[in-house]
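Starting from the structure of chain L, add chain X where the hints point.
This is what each chain is made of:
2 protein chains.
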Amino acid sequence: MHALIIAGGIPPKKNLLEKEMALAQLYIGADSGGYVYLGYGHKPDIVVGDLDSFVYTRHKGIKVLELPDQETNDLEKSLEYALEKGAKSVCILGAIGKRFDHSLKNLSVLLRYLDRFEDIRFKDNYGELFLVRSPYTPKQAVGTGISFFPVLEPVKNFCSKGVKYPLNDSVLAMGVQDGTSNEITSKNAIIHFDGILGVYIIKSIQ
Amino acid sequence: MHALIIAGGIPPKKNLLEKEMALAQLYIGADSGGYVYLGYGHKPDIVVGDLDSFVYTRHKGIKVLELPDQETNDLEKSLEYALEKGAKSVCILGAIGKRFDHSLKNLSVLLRYLDRFEDIRFKDNYGELFLVRSPYTPKQAVGTGISFFPVLEPVKNFCSKGVKYPLNDSVLAMGVQDGTSNEITSKNAIIHFDGILGVYIIKSIQ
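Protein sequence lines correspond, in order, to chains L and X. End of the first sequence = 213 in our numbering, gap-free, step of one. End of the second sequence = 213 in our numbering, gap-free, step of one.
Some clues are possibly wrong.
Identical copies carry no separate label here, and so any pair may be met within one copy or between two of them.
Think about it this way: if two alpha-carbon atoms lie no more than 30 Å apart in a straight line, the pair counts; the simulated DSBU-like pairs of lysine-lysine are [as the list claims (entries may be wrong)]:
(1) 67 x 92
(2) 105 x 20
(3) 67 x 210
(4) 105 x 26
(5) 168 x 105
(6) 105 x 194
(7) 67 x 26
(8) 105 x 146
Please keep in mind that the hints were generated in silico from the structure rather than gathered at the bench.
Looking at chain L on its own, in the form it has when it is part of the complex:
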């Protein structure tokens, strides 16, 4: 089962939301993310979180799960709910783009849940973001913009083939060597490395 979560970052455009709703069987609003469904005339199956933002008394038809503990954020609470309901994969909208500390926290959550879903990724109006282990074979078309970045630690022994700016036996490290703004140039592109690699695929939603 595939779940859709909307968190409290920059909301998706309507056509991104509806495209993702068509792919999912469970619609979760992470606290204020619940308003995004409602704002576009849709209804989440449930709103999960500490509910410091979502005023559910004004939306009586909406099921809510209020979890006040402050040890986990609303995205983590929503992911736990998705797992309990049997979700194998999840797409998260609104994970990034407002407060930068929240974006980084959600990136940290993505890493923490990487092995608990068959597929877990953020999507926004500019592209999609996910984490991979080596070797990674991009599935996107030739010509697609792609960025690579380290997450937990510098990514070592990074070798990329079939991209516009290939690297060989390099280290991707913040402040040292970046892997942003590359492009897939071959359908046989492949990336090898040590560690966990962040991938951002550029596909602007018009």
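Using the frame of chain L, we list chain X on its own:
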């Protein structure tokens, strides 16, 4: 001399821009960041970048520096210009919030330029972000929201005092231990650690 740079991320609100303009002696637009000054009725001293976004032929009064090389991004080109002009400190608006790979790239640039300015920081409509070495003494008022995060590598031996959720001899690492959403509770707050620490101070611009 203090410089102000506007990059191509989410634009600052008008009152944030004008507050920062009042503090700076040099106004730089990093490519499309030049439009932000113009959009609010102000004029940058110069627009610097590869100029793939800023159509300067439509703004004949604006001085531009076109640097087409693709090895550095528009923010790096702007920071080099600021250094050449003698800037000792710099505030960067619009560094984050649109494409997440651009935000991370700019964070990487912040790290790269940390030692070349007396002060270098991002500000946005939600707060400000900068990097520090140990020991770090927050200068903000008691009650201010503050988040800590690792940048290049996990931050080790992290000890925080005078904050709501103090830690002792901990490791801040993506996916493992987060330092987000804390609060200053003492004017003698102090943080010790090994490595380079990212700090995000929460101060929403209304």
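Now the hints, each set against the structure:
In this assembly of identical chains, residue 67 and residue 92 lie within 30 Å of each other by CA distance solely inside one copy; the values are 23 Å within and 60 Å between copies. Taking the shortest Cα distances, residue 105 and residue 20 sit within 30 Å of each other both inside one copy (15 Å) and across copies (14 Å). In this assembly of identical chains, residue 67 and residue 210 lie within 30 Å of each other by CA distance neither inside one copy nor across copies; the values are 37 Å within and 33 Å between. Proximity of residue 105 to residue 26 under the C-alpha cut-off of 30 Å is found in both arrangements, the shortest distances being 23 Å within a copy and 21 Å between copies.
In this homomeric assembly, residue 168 and residue 105 come within 30 Å of each other (Cα to Cα) only across copies, at 28 Å, whereas the closest approach inside a single copy is 34 Å. Taking the shortest alpha-carbon separations for residue 105 and residue 194, only the inter-copy value of 28 Å comes in at or below 30 Å, while the best intra-copy value is 35 Å. Taking the shortest Cα distances, residue 67 and residue 26 sit within 30 Å of each other inside one copy (26 Å), while across copies they are farther apart (43 Å). Taking CA atoms no more than 30 Å apart as the test, residue 105 paired with residue 146 passes in both settings, with 29 Å inside one copy and 24 Å between copies.
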